[in-house]
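Chains as they are written, first to last, in the numbering used here: chain A, 1 to 354; chain B, 1 to 354; chain C, 1 to 354; chain D, 1 to 354.
For the record, the hints were derived by calculation from the structure and aren't laboratory data.
All figures in this text were calculated on a predicted structure; none of them were measured in a lab.
Careful, some of the hints might be misleading.
A pair holds if it fits inside one copy or across any two, identical chains being indistinguishable in the list.
Lysine to aspartate or glutamate pairs mimicking DMTMM-like chemistry, simulated, CA-CA at most 25 Å apart [said to hold, decoys possible]:
| id | residue 1 | residue 2 |
| --- | --- | --- |
| 1 | 212 | 278 |
| 2 | 3 | 342 |
| 3 | 2 | 127 |
| 4 | 261 | 176 |
| 5 | 2 | 39 |
| 6 | 89 | 176 |
Protein chains: 4
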Amino acid sequence: MKKIRVGLIGATGYGGVGLIELLINHPYVTIGALMAKHDINKPISAIYPHLKGFCDLLVFDPSDPDCPDDFDIVFYATPDGVGQKEASKWLNNGVKVIDYSGDFRFNDKDSYASYAARIGKAKEHADPDILPNSIYGLPELHRREIASSDLVGNPGCFAVSCILGLAPALKFGLIDSKDIIFDAKSGVSGAGKTPSPMFHFPARYEAVNAYKVTGHQHVYEIERELAGLRQSKEIKITFTPHVIPVSRGIITTIYANLLPKVNLDSLRNAYSSMYSEEPFIRVFSHGEILNTTDVRGSNFCNISLNIDSRTGKLIAISLIDNLVKGQAGNALQNMNIMMQIEETTGLMYPGSFP
Amino acid sequence: MKKIRVGLIGATGYGGVGLIELLINHPYVTIGALMAKHDINKPISAIYPHLKGFCDLLVFDPSDPDCPDDFDIVFYATPDGVGQKEASKWLNNGVKVIDYSGDFRFNDKDSYASYAARIGKAKEHADPDILPNSIYGLPELHRREIASSDLVGNPGCFAVSCILGLAPALKFGLIDSKDIIFDAKSGVSGAGKTPSPMFHFPARYEAVNAYKVTGHQHVYEIERELAGLRQSKEIKITFTPHVIPVSRGIITTIYANLLPKVNLDSLRNAYSSMYSEEPFIRVFSHGEILNTTDVRGSNFCNISLNIDSRTGKLIAISLIDNLVKGQAGNALQNMNIMMQIEETTGLMYPGSFP
Amino acid sequence: MKKIRVGLIGATGYGGVGLIELLINHPYVTIGALMAKHDINKPISAIYPHLKGFCDLLVFDPSDPDCPDDFDIVFYATPDGVGQKEASKWLNNGVKVIDYSGDFRFNDKDSYASYAARIGKAKEHADPDILPNSIYGLPELHRREIASSDLVGNPGCFAVSCILGLAPALKFGLIDSKDIIFDAKSGVSGAGKTPSPMFHFPARYEAVNAYKVTGHQHVYEIERELAGLRQSKEIKITFTPHVIPVSRGIITTIYANLLPKVNLDSLRNAYSSMYSEEPFIRVFSHGEILNTTDVRGSNFCNISLNIDSRTGKLIAISLIDNLVKGQAGNALQNMNIMMQIEETTGLMYPGSFP
Amino acid sequence: MKKIRVGLIGATGYGGVGLIELLINHPYVTIGALMAKHDINKPISAIYPHLKGFCDLLVFDPSDPDCPDDFDIVFYATPDGVGQKEASKWLNNGVKVIDYSGDFRFNDKDSYASYAARIGKAKEHADPDILPNSIYGLPELHRREIASSDLVGNPGCFAVSCILGLAPALKFGLIDSKDIIFDAKSGVSGAGKTPSPMFHFPARYEAVNAYKVTGHQHVYEIERELAGLRQSKEIKITFTPHVIPVSRGIITTIYANLLPKVNLDSLRNAYSSMYSEEPFIRVFSHGEILNTTDVRGSNFCNISLNIDSRTGKLIAISLIDNLVKGQAGNALQNMNIMMQIEETTGLMYPGSFP
C-alpha cells in the first residue's frame with residue numbers, strides 16, 4: 001500500500017508531538033514535513049529528546065519555499081485562527097485538512113462568531129465559504145460524514161469528554177434536557193506547552209482551582225452536538241472546568257435529572273445501543289471506580305453510569321486522556337476514517353501503568 | 001494564666017499530628033499526654049521526625065495505668081466508634097471532650113443509626129444517653145452552643161466545606177433548596193495515614209477518581225445542618241466526592257438554582273451578613289481564581305460566588321485545608337471557644353507558599 | 001511464523017503488567033497464561049483496567065492443575081526466592097526461563113550467598129546445580145551467551161543504570177577502578193506495587209530520601225560485571241540509592257577519577273566504540289541536559305559524559321525507565337535474543353511526553 | 001520593646017514572600033514597606049492570596065519618593081547585582097543590610113570576580129570598597145562576626161546544605177580534603193518564581209535532571225568556607241546539582257575519604273562538638289532514614305552520618321528547606337543576631353506534615 005503522506009503544522013506543541021508519537025508506528029503513514037513557527041531548522045528530537053532515533057526531521061517554517069508540500073493530508077495542531085487562513089489552499093490542491101482548533105468546529109459563520117467572541121478573537125471567520133463543508137470530527141457521532149469529508153474540525157478536549165459521556169442519555173430521551181451540569185477536571189497539559197505562572201511547578205503541584213466559571217468556550221460545541229442528538233430546540237448546559245495537578249487526563253462528572261421510570265437498566269441499554277460497536281468507548285456500571293489512569297496514554301473514553309435514587313439524578317462519569325482521545329488520537333482516528341483505512345490503525349495501545 | 005492541660009487520643013494519625021503542630025505554639029496549652037493504639041512508648045518525634053526538639057513525648061497506651069489522666073480537655077483524633085465508648089468517663093470527671101469522628105455529630109440515636117449504617121458500623125450508639133448533650137462543632141453555625149458545651153463532635157472535612165460554602169444562600173432564601181449539587185475534590189490526606197493500593201504513590205500521582213458516588217456518609221450532616229438554617233422540612237442533596245493527587249485541600253463546587261430576582265449583589269450581601277465577622281472565612285467574587293493553596297496550612301475557608309446567567313444557577317466554590325479547617329484547626333477553634341479563650345488563639349497562620 | 005507461547009508468573013505486579021503491555025502488541029507472541037499468588041480467577045483487566053479489551057485473561061494459581069503449561073518460555077516476574085525453586089521443572093521440559101529477581105544473576109553459589117545475605121534471605125540457593133548455566137541478562141554485555149542460553153537472570157534496575165553508564169570507561173581503561181561512586185535516584189515504582197507507609201502518597205509527594213546507605217544488594221552484580229570488563233582483580237564501588245517522588249525513572253550520577261591524558265574525546269570514542277551499534281543506548285555530551293522523561297516508557301538508556309577539569313573527574317549520567325530497560329523491556333529484549341528473533345521486536349516505542 | 005522596622009526589597013518573589021510569612025508572626029518586627037519592580041501598587045495579598053488579612057500592604061516601587069525609608073534593617077530578596085548598587089546608601093544612614101544574592105558573599109573583589117564570571121555577570125563589583133565589611137551570613141560558622149556587622153551576604157541555598165553537612169569532618173581533620181563530592185538534589189522553588197519551559201508542570205512532574213554539571217556558581221563559597229575551617233591552602237570540590245519534582249527541599253549526599261582510624265564515633269564526636277548547641281541543627285546516625293519532609297517549612301538542617309566500611313568513605317547526608325534555612329529563615333536568623341535579639345525568635349516552627 002502506498003503510504004499516506006502527512007504534513008504537520010504546529011509540530012512542536014503538545015498536540016504536535018502527540019501526533020508524531022502515534023505516526024511513527026503507524027503502518028500506512030510517512031511524515032512528509034514538520035512545520036512550526038519556532039525552533040525552525042532544529043531536529044524535532046532536539047526539542048523532544050525521547051524521539052531521538054525515531055523522528056529526527058528538521059522543523060520547517062511553513063512559508064519556507066523549500067518546505068515540502070506534497071501531502072495527502074495536513075494536520076493543523078495550531079491555536080485558533082491559523083488553520084482558517086490556509087485550509088482552502090490545501091483543499092484546492094486535493095489535500096485533506098484536519099484542524100485541532102475551533103476554526104472548523106462550527107459550520108456556519110454565526111455560530112463561529114459566538115464562539116470566537118468568547119475566546120477574544122475576531123468574530124469574522126477568515127474563510128466563511130468553506131465552513132459549510134467542514135465536519136465536526138467526533139467519529140462516534142459523525143463517522144459517515146467524516147468519511148466523505150475533506151475538512152474536519154477536531155473537537156475540544158472537554159467537549160469530547162462531555163458529549164460522549166452524555167450522548168446516549170439524551171439521544172434516547174432518558175433525562176431532562178433543560179438542566180445539565182458538567183463538572184470537568186483537567187490535567188495541566190490541556191493548557192499547552194507555554195509556561196505561565198499558574199502552571200509553574202511550585203505553584204501548581206498542590207493546587208486545584210476552577211477557572212472560566214460560566215465562561216468557557218467549549219460550551220457552544222457541547223450544546224450544539226447534544227441538541228443535534230434529539231432535535232431539541234435548545235440545550236443550555238452549565239459547565240465548570242477545573243485544573244488539577246496531573247499532566248494528562250480529563251474526568252467529567254455529569255449531573256442530569258432522570259425522567260420518570262428511567263433506571264440503571266434503561267441507561268445501560270441506551271449506552272450499549274449507541275456504543276457497543278465503538279472501538280474506543282468502554283462503559284462501566286455503578287460501583288466500579290474509574291480512574292484517569294485507566295485511559296492515560298490511550299485513545300479510550302471510559303464512562304460509568306450511576307443513579308442517585310435519593311434525588312433522581314443521573315451521575316455519569318466520563319474519562320479521557322486529553323492529549324489522545326481529546327486531541328491527537330482522535331485526530332488520527334479521523335484521518336483513518338477520511339483515508340478509508342481501518343479506523344483503529346495505529347491507535348490500539350492500552351497506555352502504561354503506573 | 002494556668003495552662004490548659006490537653007489529652008490527645010489518636011496522636012499518631014494525621015489528625016493527631018496536625019493538632020500537635022498547633023498545640024506546641026499555643027500560648028495557653030500544655031500537652032498532658034499523647035495516646036494511641038500503636039507505636040506505644042515511642043517518642044512522637046520518632047514517628048514524625050519534624051517534631052524532634054518540639055515535642056518528644058512518648059506515646060502512651062491509654063489503658064496503661066501510668067498514663068496521665070489529669071486533663072482539662074481530651075481530643076479523640078480517632079476513627080468512628082472509639083470516642084463514644086469512653087466520653088462519659090471523662091465527662092463525669094469534669095473533662096471536656098472533642099471527638100473528630102461521627103460519634104457525636106448527631107444528637108439523637110436515630111440520626112446516628114442512619115449515618116452508622118452508611119459506614120458499615122453498628123447502628124446502636126454505645127452511649128445514646130449523652131447524645132442530646134453533644135454539639136455539632138462548626139463554630140460559624142453553633143458558636144454559642146459550643147461555648148457552653150462539654151461534648152463536641154467535630155464536623156467531617158467535606159461537610160465543613162459544603163456547609164460553609166452554601167449556608168448564607170440557604171439561610172437568606174436565595175436558592176431552591178430542593179436541587180443542590182456538591183461536587184467535591186479532596187486531597188489524599190483526607191483518607192488518613194494508613195497505606196492502601198489506591199493511595200500508593202505510583203498509583204495515585206497521576207490519578208483522579210470519583211468514589212462512593214451517591215453513597216458518602218457526610219451527606220447526612222450536610223443535609224441536617226443546611227435544613228436547620230431555614231426550618232426547611234427536608235433538604236436532599238447530591239454529593240460526589242473525588243480524590244485528587246494533592247496532599248491537602250478540598251475544593252467543592254456547589255450548584256444550586258437561584259430564586260427569581262436573586263443577583264450577585266443579593267448573594268454578596270447574604271454572605272457578608274453571615275460571615276463578615278467570621279475570623280476564618282474570606283469571601284471572593286466572580287472572576288477571582290481561588291486555589292486550594294490559598295488555604296493550605298491555614299484554618300481559613302475561602303469562598304467565591306458566581307452566577308451562570310445563561311442557566312440561572314449559583315456556582316459557589318468553597319476551599320479549605322482538609323487537615324486544618326477540616327479537622328485539627330477547627331477542633332482547636334472549638335477548644336478555644338469551650339475554654340473561653342480568644343477563638344483564634346494559636347490559629348492565626350497564613351500557611352506557606354509555594 | 002508460529003507464535004511464541006509465553007507463560008508469565010507474577011503477572012499482577014508492576015513487572016508483570018509492564019510485560020503484558022509490551023506483549024499484547026508483540027507480533028510474534030501469544031500469552032499462554034497469566035499466573036500469580038493473589039487475585040486468582042480475576043481477569044487481569046479487573047486489576048489493571050487500562051488493559052480492558054486488550055488482555056482479559058484470568059489470573060491462574062500456577063499450582064492449579066487446569067493452568068496451561070505448554071509454553072515456549074516462562075517469565076518469573078516474582079520476588080527473590082520463587083524462580084529458583086521452579087526453574088528446573090521448566091528447563092527439563094524444554095521451556096526457557098527468564099527470572100526478574102536475583103535468583104539467577106549469580107552463577108556460583110558463593111556469590112549468590114553474599115547477595116542473599118544482604119536481602120535477608122537464606123544463603124543456600126534452592127537449585128545450585130543449574131546456576132552455572134544461568135546468564136546475566138544484560139544484552140549489551142552478554143548478547144552472545146544470552147542467545148544460546150535457556151536460563152537468564154534479568155538484572156536489577158539500578159544495576160542496569162550503573163553498569164551501562166560506566167562500562168566503556170572501565171573497559172577501555174580510562175578511569176581509576178578503585179574509587180567509583182554511583183549516586184542513584186529512583187522513582188517509587190521501583191519498590192513495587194505493595195503499599196507501605198514510605199510510599200503512601202501524602203508521605204511521599206514532597207519527600208526525597210536516601211536509603212540502604214552502604215547496604216544495597218545491587219552492589220554485588222555491579223562490581224562483578226564491571227570487574228569482568230577489565231579482568232580487574234577487584235572493584236569496590238560506593239553506591240547510594242535515593243527515592244524521589246516520580247513514578248518511573250532512574251538517574252544515576254557516576255563519579256570516577258580520570259587517568260592521565262584522558263579527555264572528552266577519548267571518553268566519547270570509548271562509548272562510541274562499545275555502543276554505536278546498540279539499539280537502545282544513546283550517548284550525549286557535556287552540556288546537554290538529560291531528563292528522566294527522555295526515556296520514560298521506553299527501553300532506552302541515555303548517557304551523558306562530562307569532565308570536571310578542576311578535579312579531574314568523570315561525571316557520567318545514566319538514565320533509564322526502571323520498569324522498562326530496568327525490568328520488563330530488558331526482559332523482553334532477552335526473550336527476543338533467546339528466541340532468535342530481531343532483538344528490538346515489540347520494543348521500538350519512544351514513550352510519550354509530557 | 002520598640003519594634004524593629006523592616007524594609008523588604010524583592011517582596012514579590014519566593015524569597016520575599018517566605019520572609020513575610022515569618023515576619024507577620026515575629027513579636028519584635030513591623031514591616032515598614034514592601035518593594036519590588038513589578039506589581040507596583042498591588043496589595044501583596046492580591047499576588048499571594050494566602051496572606052489576605054495577614055499582610056495587605058501595597059507593593060512600592062523603591063524609587064517612588066513616597067516609599068517609606070525609615071527602616072532599621074533592609075532585606076534584599078533580589079537577584080545578583082541589585083543590592084550591591086544600593087547598600088551603601090542604607091549603610092550610610094545607619095540602616096543594616098542583608099542581601100540574599102551573591103553580591104556580598106565574597107569580601108574581596110577578586111573572589112567576587114570569579115563568582116560573577118560563572119553566572120555571566122560583570123566581574124567588577126559595583127561597590128568594592130564595602131566588600132571588606134561584609135560577612136558571610138552562615139550563623140553556625142560566623143555568629144560572632146554577624147552580630148557586629150551591618151552588612152551580611154546570605155548564603156546560597158546549596159552552599160548552606162553542603163557546608164553544614166561537612167564542616168565538622170573538615171574542621172576536626174577526619175577526611176581527606178582533596179577529594180570531596182557533593183551530589184545535591186533540589187526542589188523546583190530554588191529556581192524562583194519565574195515560569196520557564198523546564199519548570200512547566202507537565203514537563204517537570206515526572207522529570208529529574210542534573211544541570212550545570214561542573215559549572216555551578218555555589219562552588220566558590222563552599223570551597224572558601226570549607227578551606228577556612230582548616231587553614232587548608234586549597235580545597236577543590238566536585239559539585240553536581242539536580243532538580244527534582246518537589247517544591248521545597250535540598251538533600252545533599254556528600255562523599256569523602258576518611259582518614260585512617262576515623263570511625264563513626266569520631267565522626268559523631270566531631271559533629272556533636274561543633275553542633276550540640278546549635279538551635280537549628282539535628283544530627284542523626286547511620287540507619288535512620290532522613291527525609292526532606294522532616295525539614296520542610298522549618299529552619300532546621302538535618303544531617304545523617306554514615307560510613308561505607310568497604311570503601312572507607314564518609315557518606316554524610318544533609319537536608320534543608322531551600323526556602324527557609326536555605327534562604328528566608330536563615331536571613332531572619334541573621335537579622336535576629338544583628339539586632340541582638342534571641343536568635344531563634346520567630347523561627348521555632350516544626351513545619352507541617354504531610
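>> So, against the hints stated earlier in the document, which numbers end up violated here?
In response: Structure breaks hints 1, 3, 5, 6.
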